[in-house]
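Visitor: Since chain A is already given, all that's left is putting chain B on it; use the hints.
2 protein chains.
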Amino acid sequence: MLAPKGYKAAGVACGLKNLVAAKDLALIYSEVPAYVAGLFTRNRVRAAPVLYSRNVVRRGLCRAIIINSGNANACTGQRGLTDAKKTAALTSSALNVPAGQVLVSSTGVIGEFLAMDKLERGVQDVVARLSPHGFSDAAQAIMTTDTCPKMVSEKLRLDQAEVTISGIAKGAGMIRPQLATMLAFICTDAKVEKPVLSSLLREGNQSTFNRITVDGETSTNDMVVLLANGEAGNSSLSPGASDFWRFRESLFGVMGQLARAIIEDGEGRTKVVEICVRGAGKRMQAEKMAFRVAHSPLVKTAIFGEDPNWGRVMAAIGDSGVPFDPDAVSISFEDALVVEHGMKVAGTTEDNLKRVLQQEQFKIVIDLHRGDAEASVLTTDLSYEYVKINASYRT
Amino acid sequence: MLAPKGYKAAGVACGLKNLVAAKDLALIYSEVPAYVAGLFTRNRVRAAPVLYSRNVVRRGLCRAIIINSGNANACTGQRGLTDAKKTAALTSSALNVPAGQVLVSSTGVIGEFLAMDKLERGVQDVVARLSPHGFSDAAQAIMTTDTCPKMVSEKLRLDQAEVTISGIAKGAGMIRPQLATMLAFICTDAKVEKPVLSSLLREGNQSTFNRITVDGETSTNDMVVLLANGEAGNSSLSPGASDFWRFRESLFGVMGQLARAIIEDGEGRTKVVEICVRGAGKRMQAEKMAFRVAHSPLVKTAIFGEDPNWGRVMAAIGDSGVPFDPDAVSISFEDALVVEHGMKVAGTTEDNLKRVLQQEQFKIVIDLHRGDAEASVLTTDLSYEYVKINASYRT
Chain A
379 MLAPKGYKAA GVACGLKNLV AAKDLALIYS EVPAYVAGLF TRNRVRAAPV
429 LYSRNVVRRG LCRAIIINSG NANACTGQRG LTDAKKTAAL TSSALNVPAG
479 QVLVSSTGVI GEFLAMDKLE RGVQDVVARL SPHGFSDAAQ AIMTTDTCPK
529 MVSEKLRLDQ AEVTISGIAK GAGMIRPQLA TMLAFICTDA KVEKPVLSSL
579 LREGNQSTFN RITVDGETST NDMVVLLANG EAGNSSLSPG ASDFWRFRES
629 LFGVMGQLAR AIIEDGEGRT KVVEICVRGA GKRMQAEKMA FRVAHSPLVK
679 TAIFGEDPNW GRVMAAIGDS GVPFDPDAVS ISFEDALVVE HGMKVAGTTE
729 DNLKRVLQQE QFKIVIDLHR GDAEASVLTT DLSYEYVKIN ASYRT
Chain B
379 MLAPKGYKAA GVACGLKNLV AAKDLALIYS EVPAYVAGLF TRNRVRAAPV
429 LYSRNVVRRG LCRAIIINSG NANACTGQRG LTDAKKTAAL TSSALNVPAG
479 QVLVSSTGVI GEFLAMDKLE RGVQDVVARL SPHGFSDAAQ AIMTTDTCPK
529 MVSEKLRLDQ AEVTISGIAK GAGMIRPQLA TMLAFICTDA KVEKPVLSSL
579 LREGNQSTFN RITVDGETST NDMVVLLANG EAGNSSLSPG ASDFWRFRES
629 LFGVMGQLAR AIIEDGEGRT KVVEICVRGA GKRMQAEKMA FRVAHSPLVK
679 TAIFGEDPNW GRVMAAIGDS GVPFDPDAVS ISFEDALVVE HGMKVAGTTE
729 DNLKRVLQQE QFKIVIDLHR GDAEASVLTT DLSYEYVKIN ASYRT
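Order-wise, the sequence lines are chains A and B.
Here the numbering used here is used: the first residue of the first sequence is 379, the next is one more, and so on.
Here the numbering used here is used: the first residue of the second sequence is 379, the next is one more, and so on.
The following block holds chain A by itself, in its conformation from the complex:
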């Protein structure tokens, strides 16, 4: 993956994962101070690195992000916080950058203390390996139950400058967005006004990471971070500039692709399904209903079984807490209209519907015929494999 100008990255194995030689420590480095925006988990139980890194983001400048997998450093109390702080300090002195400009992030088992001796050696190693070509190693080093690294890169031309936006992410289970979800680190060499950076991240998150769910579970460690170091040499971006909207579109594109990559790697998934609620009174209601359907174990198992069981979709929307008239509802599986006025459409054949459900990716559209608001959520099915992964894996 291409690094934006002025960034380097690396990923190494330092022994935090049980598997020998599995990469488990990643570093992203900016040669100059970058503006930073960040979103953190809304879970009330927050891991030490989340508590620590929120303060770094608040100060607004970032030179480095150090991320370990294999241990979440969550539910580790005061010692966990000290360890997060020490990780930042080790990184800052190895890189010779201010400690207050180092973000720390962790993912893995909850409730165990970090092996700081391993981490200390790991930091030396990962700093030594920094390179503009190191992003793929970094993307590998942040994986847990992920089956593949997740990287997205986009280039666009702004005035005289070529700008790059590159992001890496991890996540496959414990995925249900609440503001932020999972880990994602996005770097750009674009010059962006500082307050603009935060609002771009928040806005982009709404339609990307906040619209995916595997299992309705929100992790203790989630964070999404966006760095902009201005090394591309473009004129600084803010909503006044016409270039701003093109940059925004590219950025949201990168975020959307990373979000989709997480769903495509959803634990045990055999399908990727978009649940789209239309004709709702309010966007929040459409979103609430789409998530209720996306979290329904009965809908998810029916999708796994390729059973076009629209009755379960009706039962789920009825239980969503959103007001609507059941007799006005229509439901389509892709282009096949199956429910109209809350009842099965007379001509619908089971075979037509089966053909849709046999596809790997498809859309379920629920129209409430009530208003103009709509929302879509991307989700997975619930398979034997999901149960297997989570009956044995210790998060």
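Hint data in this document are derived by calculation from the structure and do not stem from the laboratory.
No incorrect hints appear here.
Below are the SDA-like pairs computed for lysine to any residue, each with C-alpha atoms no more than 20 Å apart in a straight line:
id, chain 1, residue 1, chain 2, residue 2
1, B, LYS732, A, ILE767
2, A, LYS722, B, ARG422
3, B, LYS732, A, GLU490
4, A, LYS722, B, LEU459
5, B, LYS766, A, SER770
6, B, LYS569, B, GLU409
7, B, LYS666, A, ARG420
8, A, LYS766, A, GLU642
9, B, LYS766, A, GLU684
So the derived label-pair ranges between C-beta atoms look like this:
id, chain 1, residue 1, chain 2, residue 2, range
10, B, GLY631, A, GLY725, 50 to 56 Å
11, B, ASN730, A, MET494, 26 to 32 Å
12, A, ASP750, B, GLY618, 53 to 59 Å
13, A, LYS732, B, ARG638, 37 to 43 Å
No residue lacks a Cβ here, since even glycine has one placed at the ideal position from N, Cα and C.
Guide: Frame of chain A, contents of chain B only:
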């Protein structure tokens, strides 16, 4: 199962289920008009028999309950309502009782019309077979994915009279209580003041059917009905009488046993687990948090895998929306304290915890150390078998 005085029941096969000779039509009959109380699903999508029977309950007297399985008569529009009404009329004329005193209930596939010709013959058949010994046949005839019929009977002596309370229920999946859940029909020959009957049912429901969950799904067809026909000859029961509290206890006992029977037959379950939240600020908050844990796919799969993964319990309570201090939380698996002050207890051995999780039934206690309120929820694990049942069964 013993019938209370003045009641008869029967269960027959009329061809609504695909399996030949599987019982699918049940009738409960009271020789004299009984006071009736009922609770119905809170799902916004309500089946025709729910819409129909609410009105019968509102009028307050009941002579008969006719219940079919194999077809939910839900999402069937005006024709569904007409069919429910016709079912009541057929039953009323076969029994020679007022049509306005016949309750109708259905469970099974959503979105198909009832085969009224089969039902018409079935009603004749089931009326002909009414008997005081017919409750077990009735309990069998209301099963869908249930693996066993659910019946509970209790006798108690009040003043000069012997009173019987007998109930049947069905349910194994799509179980998440919202006021009422699943189907349950409870008959007593006790004489009970009419307004008292409704409040007893509502109150008993709170601590029994409303505290169980298999998969967080609320059906379109749920109802819990309580009949009291006064044939036992006791002095009429109301909160003033000392006998009232003994009757109340027995009634809640019957409801609790039926609720537990549903969880013990939970789809694909290998465990029955009580999630108990203590030390909460408010009972509603304790209940909300207990349900959040009980619905967590990661907690449920860990229980299936007999993995004492308390980190997932911490992540789930943190995501419950209930305010608490993570650093004050303690968690026990039965008597084994595993978390104190939000962190793992130093002496806890994995082996001790494993031994608890290897039991078929156990309790997870979460103490927030915040207030005096508590609530318990009974739930199941999430197994391969749950996925299998629901990937192939058409509800």
